[in-house]
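J.: Going line by line, the protein sequences match chains A and B.
Sequential numbering of the first sequence, starting at 3, is according to our numbering.
Sequential numbering of the second sequence, starting at 3, is according to our numbering.
Please note that the accuracy of each hint is not assured.
For chains that are exact copies, the list does not tell them apart, and a pair is met inside one copy or across any two.
As the list claims (entries may be wrong) - Straight line, CA to CA, 20 Å or less: simulated DMTMM-like cross-link-like pairs of lysine to aspartate or glutamate:
(1) Lys20 / Asp4
(2) Lys255 / Asp101
(3) Lys20 / Asp169
(4) Lys20 / Glu151
(5) Lys20 / Glu155
Honestly, the hints are just simulated from the structure, not real lab data.
Protein chains: 2
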Amino acid sequence: MDAVLRDHFSLAASRARKINDSYAALWDRLERNATGGKRFRPRLVLAMHHAYGGADMNASACVGAAFELLHTALIVHDDVIDRDFTRRGLPNLSGSYRDIATTAGIPIPTAEHRGMSTAVIAGDLALAAVFQLVERAHLPAAVRGRVLEYVDEALFASAAGELADVDLSMAPGVPDLDQVVDMARLKTAVYTFETPLQAGAVVAGAPEADIEALGEFGRHIGIAYQAADDLLGLFGDERRTGKSVLGDLREGKSTIPIALAARTERWPEISAFLGKPDLSHNEAEHARGLMRSVGADAETRRLAQHHADAARAILRTLPSAVGENLDPLVAEALDRDR
Amino acid sequence: MDAVLRDHFSLAASRARKINDSYAALWDRLERNATGGKRFRPRLVLAMHHAYGGADMNASACVGAAFELLHTALIVHDDVIDRDFTRRGLPNLSGSYRDIATTAGIPIPTAEHRGMSTAVIAGDLALAAVFQLVERAHLPAAVRGRVLEYVDEALFASAAGELADVDLSMAPGVPDLDQVVDMARLKTAVYTFETPLQAGAVVAGAPEADIEALGEFGRHIGIAYQAADDLLGLFGDERRTGKSVLGDLREGKSTIPIALAARTERWPEISAFLGKPDLSHNEAEHARGLMRSVGADAETRRLAQHHADAARAILRTLPSAVGENLDPLVAEALDRDR
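If we strip away everything but chain A, and leave its shape as in the complex, we get (with noise of 0.2 Å):
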């Protein structure tokens, strides 16, 4: 998987070349984003590929590939729509041209935009490449159709997702538990977890049933990996995440311990701590205090419990190869700290 990456890079960054250094220069920091993650995505692809015993080394690790690359370009538009031009404490693809910019003495305003039209352009030539690596699978004609349609339905979730997102934030209301659910399903879920698991199975030939569950658990790890996540993000320990306990609160984002703290008396106590730029440390701890008192959080990690078991009783029915292989990465989703 990994050499599949490296080849497309390469080959991409040495046509570039021919044209410009700039453009050699945007292709080699493209390379940086997509290959510094986990690859979570194609780890399922490949964990599903060799559970049902399939063979296509070439395939699974180009349909992998296509699955890391969808990721690359979701986050980098995410993060053009988000304004953020960092992502885990350094700059992300926006935040490098933004800096190149202001180095070269352009004023701020003029580089941010700088930044984000470069991410747009890098974006779309990682979303391009998504379909590229499954051409470069070679798969018979009918299981290539079958992938496509997974990328196909993962994008269509993840674009439906954003843009409730974008909807949400132009007209906020009270946060609603099934309404934040959805759209972090859709925005996440569908190509983190449900694809990527069902495209693995089909390459490997595994049977409808199975692909259907595979799914379904999908659909139920992607709520518990949420609210797990949304944990971290209120309750979690800075220097462990990297990630600010207070970014959630100031931005005023909608997760799930917020819309469970939304059906509770305490509401209007809590909701005007969120969304204050200025958010202090100690008003924050006062927020987490109530959201506590409560029981958001609480409620929050059986939410997340509930659907981690409806995950894995879904896993009992599938062969015991597919547990075996799954296993490792459930838990690497959801009893984690960062």
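Model the placement of chain B on the given structure of chain A, informed by the hints.
T.: Coordinates of chain B only, in the frame set by chain A:
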């Protein structure tokens, strides 16, 4: 071709409706964006498919539709990069969403960002549809691989052109003719002329030498087209073009006539008028007079004529059916007043 696009959008809109109305509305708006144009690129695909005796009408329609949606994706994202909210005097995709937000009482900077965010999402959906349409062509593997290479080349080049545009807007210097011509080729001509011609010919099974020659033909026509377009932007009749003849001057855009003027001794006088956001009609008329006095308009026409002649010379080496099918399209691209 129209039916292929209609099918694609109606299927997507009905899937989107199951998610929510806002997503269905985005698909409707994207469809209106994708189906309003002159369909220049699909017509080139179909003309070449026909000229080379291609018989697979579904395939050529799907490949034509794919190039139309590539065009849609590129202009939607180009408008984000240029912070443009109108196209040909009407609100573009970003503009419609900005207007919806301002009508809802949202302040302009936030509303503009909302419009641009939605356009980032919509452009991604259009770009993914390009590849879905190539798949729907049900081509033999080798032909599909070739078509995907042309699609890739089209996007690869236009991303390079877009990046060069962004770079140039950050570090403007004296415009250089070769650079201006190269950038226009990358940003527009490759995906508008070269690759649609070649993809249509490949689907019909045209000889390799002819496909090569069509690329060369497209390159010359692309430059001639760009020269004609640049002349209209400076010296055109606004009532016919619907495009202000102030725009390119106010923006200080590096066009072919400007690059030609930069080679003359009156450049210091001319350049003083360029990039003034508040340039008046009188000043523009004065700048145009200077441009004419150094022969920048006549020289641009000569350059266009030279490349149109070179294109026609290539055409004479190709089967007569190619010329018969291309002549009206070439005339439309070159001998136009809007």
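J.: If a hint holds in the structure, say so; if it doesn't, say that too.
T.: Each hint, compared with the structure:
1. Lys20 / Asp4: For Lys20 and Asp4, neither the intra-copy (25 Å) nor the inter-copy (37 Å) Cα distance is at most 20 Å.
2. Lys255 / Asp101: neither (27 Å within a copy, 25 Å between copies)
3. Lys20 / Asp169: Between copies only: 17 Å across, 42 Å inside.
4. Lys20 / Glu151: Classified as between: cross-chain Cα gap 17 Å, same-chain 35 Å, threshold 20 Å.
5. Lys20 / Glu155: between (36 Å within a copy, 13 Å between copies)
The structure does not agree with the numbered hints 1 and 2 stated previously, though it agrees with the rest.
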